[in-house]
Amino acid sequence: MGLFDKLKQGLGKTRESIKGAVDSVFVAFNNIGEDLYEELEEALIFADLGAETAIALTNELRENVKTKRISEPEEAKKELYNIISEALSGDCSLNLSGKPAVIMVIGVNGVGKTTSIGKMTALLQSKGKKVILAAADTFRAAAIDQLAIWADRNNVTMIRHEEGSDPAAVVFDACAAAKSRNADVLICDTAGRLHNKKNLMQELEKIYRVIKRELPESSLEVLLALDATTGQNAVNQAEMFKETADITGIVLTKLDGTAKGGIVINIKKKLNIPVKFIGVGEGIEDLQEFDPEAFAKALLE
Amino acid sequence: MAFESLGEKLQQTFKKLKGHGKVSEKDIKEAMREIKMALLEADVNFKVVKSFENAVKEKALGSEVMESLTPGQQIIKIVRDELTALMGGENSKLTVSPKPPTVIMMVGLQGAGKTTTTGKLATYLKKQGKKPLLVACDVYRPAAVKQLEVVAGQCGAGFFSKPGSNKPVEIAKEAVKKCDLSIYDTVIIDTAGRLHIDEELMGELVAIKEAVEPDEILLVVDAMTGQDAVNVAESFNNQLDITGVVLAKMDSDTRGGAALSVRAVTGKPIKFAASGEKMDDLEQFYPDRMASRILGLGDVLSLIDRAEEAMDIKKAEELEKKLREASFNLNDFLDQMEQMKKMGPMENILGMLPGINTKALQGASIDEKQMERTAAIIKSMTKKERENSSIINASRKRRIAAGSGTDVKDVNVLLNNYENMKKMIKQMTGNKMMKKFGKKFPFGM
Numbered sequence: 001m002g003l004f005d006k007l008k009q010g011l012g013k014t015r016e017s018i019k020g021a022v023d024s025v026f027v028a029f030n031n032i033g034e035d036l037y038e039e040l041e042e043a044l045i046f047a048d049l050g051a052e053t054a055i056a057l058t059n060e061l062r063e064n065v066k067t068k069r070i071s072e073p074e075e076a077k078k079e080l081y082n083i084i085s086e087a088l089s090g091d092c093s094l095n096l097s098g099k100p101a102v103i104m105v106i107g108v109n110g111v112g113k114t115t116s117i118g119k120m121t122a123l124l125q126s127k128g129k130k131v132i133l134a135a136a137d138t139f140r141a142a143a144i145d146q147l148a149i150w151a152d153r154n155n156v157t158m159i160r161h162e163e164g165s166d167p168a169a170v171v172f173d174a175c176a177a178a179k180s181r182n183a184d185v186l187i188c189d190t191a192g193r194l195h196n197k198k199n200l201m202q203e204l205e206k207i208y209r210v211i212k213r214e215l216p217e218s219s220l221e222v223l224l225a226l227d228a229t230t231g232q233n234a235v236n237q238a239e240m241f242k243e244t245a246d247i248t249g250i251v252l253t254k255l256d257g258t259a260k261g262g263i264v265i266n267i268k269k270k271l272n273i274p275v276k277f278i279g280v281g282e283g284i285e286d287l288q289e290f291d292p293e294a295f296a297k298a299l300l301e
Numbered sequence: 001m002a003f004e005s006l007g008e009k010l011q012q013t014f015k016k017l018k019g020h021g022k023v024s025e026k027d028i029k030e031a032m033r034e035i036k037m038a039l040l041e042a043d044v045n046f047k048v049v050k051s052f053e054n055a056v057k058e059k060a061l062g063s064e065v066m067e068s069l070t071p072g073q074q075i076i077k078i079v080r081d082e083l084t085a086l087m088g089g090e091n092s093k094l095t096v097s098p099k100p101p102t103v104i105m106m107v108g109l110q111g112a113g114k115t116t117t118t119g120k121l122a123t124y125l126k127k128q129g130k131k132p133l134l135v136a137c138d139v140y141r142p143a144a145v146k147q148l149e150v151v152a153g154q155c156g157a158g159f160f161s162k163p164g165s166n167k168p169v170e171i172a173k174e175a176v177k178k179c180d181l182s183i184y185d186t187v188i189i190d191t192a193g194r195l196h197i198d199e200e201l202m203g204e205l206v207a208i209k210e211a212v213e214p215d216e217i218l219l220v221v222d223a224m225t226g227q228d229a230v231n232v233a234e235s236f237n238n239q240l241d242i243t244g245v246v247l248a249k250m251d252s253d254t255r256g257g258a259a260l261s262v263r264a265v266t267g268k269p270i271k272f273a274a275s276g277e278k279m280d281d282l283e284q285f286y287p288d289r290m291a292s293r294i295l296g297l298g299d300v301l302s303l304i305d306r307a308e309e310a311m312d313i314k315k316a317e318e319l320e321k322k323l324r325e326a327s328f329n330l331n332d333f334l335d336q337m338e339q340m341k342k343m344g345p346m347e348n349i350l351g352m353l354p355g356i357n358t359k360a361l362q363g364a365s366i367d368e369k370q371m372e373r374t375a376a377i378i379k380s381m382t383k384k385e386r387e388n389s390s391i392i393n394a395s396r397k398r399r400i401a402a403g404s405g406t407d408v409k410d411v412n413v414l415l416n417n418y419e420n421m422k423k424m425i426k427q428m429t430g431n432k433m434m435k436k437f438g439k440k441f442p443f444g445m
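Those protein sequence lines, which keep their order, are chains A and B. Each residue of the first sequence is one higher than the one before, starting from 1 at the first, in the working numbering. Each residue of the second sequence is one higher than the one before, starting from 1 at the first, in the working numbering.
Honestly, the hints are just simulated from the structure, not real lab data. Quick reminder that beta carbons are idealized off the backbone N, C-alpha and C, glycines included. There could be a bad hint or two in this list.
Claimed, not checked - According to the in silico footprint, chain B covers these stretches of chain A (three or more CB under 8 Å from chain B):
hint, segment
1, 35–47
2, 62–69
3, 82–91
4, 254–262
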């Protein structure tokens, strides 16, 4: 199965729900009137784009319909698809320059950081990269064991300390280990934390600083794991995590449910953070590199 | 904290209304538009917003409002009442089985917070004198069983698992069947996170339900969930006929519209709100208080609840006496801080008070580590020093700093704060006196 098919399959539910809503809108109106825009707005709100963005996007569509003299609802639909795919476009590839390249995965509790790392490790290994893991979630019960199982599955080394120890110290050791073992990529797992907890964000900043200091030559990808079921709060998450560590991309998880994950459009517009990976299942192969066009296409096609 | 931003938004809307004197139909329309936008931005499901909007409009457009002297207040009341009605009307308690053990089943999506909430629920039940046994039925996620075992240890509850078994139905059945009633009276079954559209895994939950006939099936929902909350809640409820909802991660800054959505589509009560990293961060959910909080009226009642639980009444009385006598020393200062700690994070407490702007709070957020440091400093003082801080000279300061692992600078800051507080207390008690004698002194002070 090609990447595109797999993506489409994974997004099946997502696509169907949005497509269903959008299609019914376009079928219901054969002329482009205010009712059409209003219904479109609703469809976008259902996709978690939020009222503000939904209005902004339909306004943009309204403008384009006027300037491009679009008269058929079917063409208006294509135009909306263009608008969304354009909003999502950006550099979605991973920067893995320098040896070891570093990936740090951050996010609130329960979004799927550890699982994503497990899958990401498999993906990078399949590209011939030597990966090493750092178990820097020393807070949550059994989080280290959880990552250890993923390390076993992928047959890679994992650096760990005891539960309750300083996560920055784990990362410090992991940086040294990655250098001495000549790893291509070091992936750091971190504890889930709510973005509005000041002390926990300070802890994260410390981890970030340690990586910057210990591996100054390495590229550093800071990936924010984001649960696709999250609503408007995702923007707050992105904003506040970005203040702590310079986020370079998003891993949009749990897209295999009925949630649409439309909030990434807001984040891209507001903070210019691109999505780099999407999670579409629980299997080790269910993490895919993000392709904005395919995503938008699968979403609204 | 949840909902505050929505409260702020609505407050702004009503400020506009207040300024107009008399409310026109156009004003109400505008207010409704803003309420609708605020609710949508708060992640309340679109359909739920629509029905809410209609209900409020109907009532607000009545002549009662137009003739009312304070139309703003009238609309606040209508909106608040509708929010309260939508979230359940009144608080609903946990069912206890007449024939032990009471069986509680925890269900939800991946990462909603089931296992952590299970631990918090056990802690909550233990406080009420119950004896919970936690059962590990998540045989899928790596290290999930281990996680629950650690959580059980943390909250002092029993733990049951069946190493090697990958059959959750059997594990649950055996746990309930073999439950030693002389040790446990409540069985909490932690199940694996699953998608509501995963037929096979949803079938497994139905099978567990049939096998153990739980008294409660609690759906754990992430308070930050968006529009999808209705789909999730509807599916779980349709297949399992849940008995209630637990809102997790309420300590995030989400506006928490999911609470409204979930309640509206399932008709099931929200029984608990979980907030915080500690095992005792679980509260009963009070829709009326929550609705007041939405409107920016604060959640004073919830605060009182916490205070009652944490504050030692006798100590509070002693403190009050000392305040009145202005003999408040560093020991009392330490005591007071420890009482506060029991009530939970300062931000949570302050967020519950009316008139506190959460945004302003964020900048001035209280550092709990700082509180610990302060406690360490006071604990490094001698009895005499604590009773009479004026004897603390430079050499004593150096000793105290060394003893508490801080700097003399920190000791100075603490002493300054303490002196300021003493001054404040004096002023407070002084004011009381002024009020008492206010009539005798017509010119004031």
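Each hint tested on the structure:
1. 35–47: Since three or more residues must qualify, the claim that chain B covers the segment 35–47 of chain A holds, with 4 doing so at under 8 Å.
2. 62–69: violated (count 0)
3. 82–91: Not satisfied, violated; 0 residues make the cut.
4. 254–262: holds (count 6)
Checked against the numbered hints listed earlier, the structure breaks hints 2, 3; every other hint is satisfied.
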